[in-house]
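J.: Residue numbers (our numbering), protein chains in the order written: chain E, 1 to 314; chain Y, 1 to 304.
Please note that a few of the clues may not be correct.
What the hints assert, rightly or not - Think about it this way: if two alpha-carbon atoms lie no more than 20 Å apart in a straight line, the pair counts; the simulated SDA-like pairs of lysine to any residue are:
1. E:135 - Y:274
2. E:135 - Y:216
3. E:135 - Y:264
4. E:135 - Y:63
Quick caveat, the hints were computed from the structure, so don't treat them as lab data.
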Amino acid sequence: MSHMRRADLFELAALGAAVLLPLALQAMGEEFYIGFAARLLIFALAATSLNFVVGYGGMIAFGHAAFFGGGAYVVALAMQAELFAAWLVWPLAALGTALAALAIGALSLRTRGVYFIMITLAFAQMIYYTVISLKFAGGDDGLPLPQRSTLAPLDLADDRVLYWVALALLAAGLYALKRLAASRYGRALAGLRQNEARMEALGYPVARLKLVCFVAGAAVAGLAGALLANQNGLASPTQLYWTQSGMLLVMVILGGVGQRYGGVLGAIALLGLEEALGRVTEHSHFYVGFALLAVVLWAPRGLAGLLEPGKRRQ
Amino acid sequence: MSQLILEQALNGLQFGLMLFLLAAGLTLVFGIMDMINLSHGSLYMGGAYLGAAAAQASGSFLLGVVAAMLGMAAVGVVLELLLLRRLYRRDHLAQVLATFALILISNETVRMIWGPQPLMLNPPAALAGPVELFGFSYPAYRLLIVGVGLAVAAFLYLLVGHTRAGMWVRAGASNREMAEALGVDVRLLFTGIFALGAALCAAAGVLLGPLLAVQVGMGENILILAFVVIVIGGIGSIRGALVGSLLVGMVDTLGRALLPTLLRAVATPEVAGNLGPALASIAIYVLMAGVLFFRPAGLFPARA
C-alpha cells in the first residue's frame, strides 16, 4: 500500500468516518440526524450527477430537476402498481430518466450557450406541468409512498440502512467519476470543454460524446430521486419545479464546478447551513443568500477551490 | 362560443402586455450585458408588495403604483451599482448563483416585513364593475390594464426607436464593444436600463396584484414565462419581446380556455379532463422549443 497517495488516504478516512456516522449519532441519542445525513448524501449524489454534466461535459443544464424528481415519481407510481422491489424499480427509475434525457438531450444539444440553458429549462417545465395535471400522479399534492422500497436482505425502513445504501451509491458514483476522468472518454470531454471545433476536426463524434454525458448524468439523478422518494415518503411536484434545478445548480457552483467533490461539498454546505440556521431563525434563507453572494464574489472557484491552496492564484 | 373566444382573446392580450412589462427590462439586461438575471421576478414581487402596502396606507391605487415604480427603480439602481455590475464579466454560472441568492434574500425580506400571508389588493373602486363592450360585459379594470400596457409599449417603442438614448441601447444590444469604442457610456446606460426595467416590473406587479395573489413566490412563477418570451422574441430585442409577450399571453390564455373544450369533441370527457389542462400548461414551452428549433436565435435576433 506504499504507493497510495495522501489524498487517497484522506478519502478512505472520510469514507470510514461516513460509514460510522449513524452509529455515532445513535450513541449520542441524535437519531433524528441519521435521516438528515441520508438526505445530505442523496442531494450530494444528485448534485454530483449535475456536476458531471456541467463541469465535465461543459453543458449548463437548467432542467436537472426533471430527472431528479422523475426518478422519485417512477418509484411512487411503481408502488401503485404493487411493485416494491428496489432492485427492479430503482434501475427502472434510472432507465426511465435516461430515456427521457436521451430525447431531451438530442433536441436540446442542437442549441448552444444561453439557448441550451433555456431549452433544458423549458423541457423540465413541460414535465412539471404534465405531472401536476395528471390525476393518477397526485396532481399538486404529489404521490405519498405507502412504504419504503424493499431490498432484501436489507431493511430500508431502518434509517441507518437507507443512509448506508445512499453512501454506497455516492461512493460508487465518485469512484466512477475518478476512473472516468482518467479514461479516453474523460479526456475527450476535457478536450471538448476547451475547444469543441478542434475536437470535431480531429474526428471525435462531438454530439454523441455530449449526449452520452447528458444521459448518464440524468440516469444517476433519477437514481438519486428514487432514494429521495424513499427518504421523504413522497414524490413531490416541487422536486420537479425549476427552483429545484436552480438549487442543484447552486450546490454545484457553490462546491466547485468540475471538481470531483464539488457536488458533495456544495450539497453538504448548503443543506447544512440551512439546517443550522433553521435552528436559530425562521428566516434562514436570508442568511444563506448572503453566504452564496460571498462565495460568488470572493471564492469564484467554489469551496473545492478554497481547499486547494496551491491552485488559488489562477 | 365566439363571445368566449373574444373575451379570452382580450384576457390574453392583457396578460401578454403585462408579460411585456417584465420582458422588456429582462431582454435588454440579457441582450446588452449577456447577463442571466434570475432575480428579475423578485423586482416584480417587490413592486407588488410595495404597491399593495402603499395603496392600503394611502387609500389610493394610483399612489400605490407610483410608489412601487419609484421604490423598485431605486432598489434596482442600488442592486446594479453594488452587485450586478461586478457580475457582467463573470460566466453564466456565477450569475446564476448570485441572482439565485438574491431570490432567496428578497423572498425572506418580504416574509420578514409582511409575513407569510398573501396581501389583498383591491382594484380602484371606480373600475370595480364591468363595462359593455361589443355586446358583452368585460371587467373595467382589465380593460385599464390593456390600455396601460399599450401605452407603455408605445412609450418604449418611441424611447428605444426614436431617441438618442434608445439609439445607444440598440447599439449596445447589437455590439457592446463597438458601442463602447464609439463613446457610449455603457455602464451609465446600463444603470438606467436596470432602473427602468425594475420600474416596469413593479408596475406589472401592482397592476396584476388585484387579479393574481400578492404572495411570496409569485416572482418565480412569472420569471420563467418572461424568459420564454425573450427567447422566443430574440434576446435583446424590444420588438421581439413585444411579439413574444403577445404570443405567449394569447397561446397560454386561449389554450387554457379552449383546449379542454376542443379535446372533449375528439376524446372521452375523462381523457379530455386530464389532458386538456396539461396540454394548455405546456403549450408555451412547446412553442418556445419549436421557435428555437427553426429559428435558433429567436424571431427577431438583436445581435449584429
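J.: Are the hints correct? Go through all of them and say.
T.: Hints and how they fare:
Annotation: proposed proximity of residue 135 (chain E) to residue 274 (chain Y) holds, straight-line Cα distance about 7 Å (limit 20 Å). Using a Cα cut-off of 20 Å, the hinted pair residue 135 (chain E) and residue 216 (chain Y) is violated, with the two alpha carbons roughly 26 Å apart. About 17 Å separates the Cα atoms of residue 135 (chain E) and residue 264 (chain Y), which keeps this hinted pair within 20 Å; it holds. Our distance criterion of 20 Å between C-alpha atoms is broken by residue 135 (chain E) and residue 63 (chain Y), whose separation comes to about 44 Å.
Consistency note: the structure conflicts with the earlier hints numbered 2 and 4.
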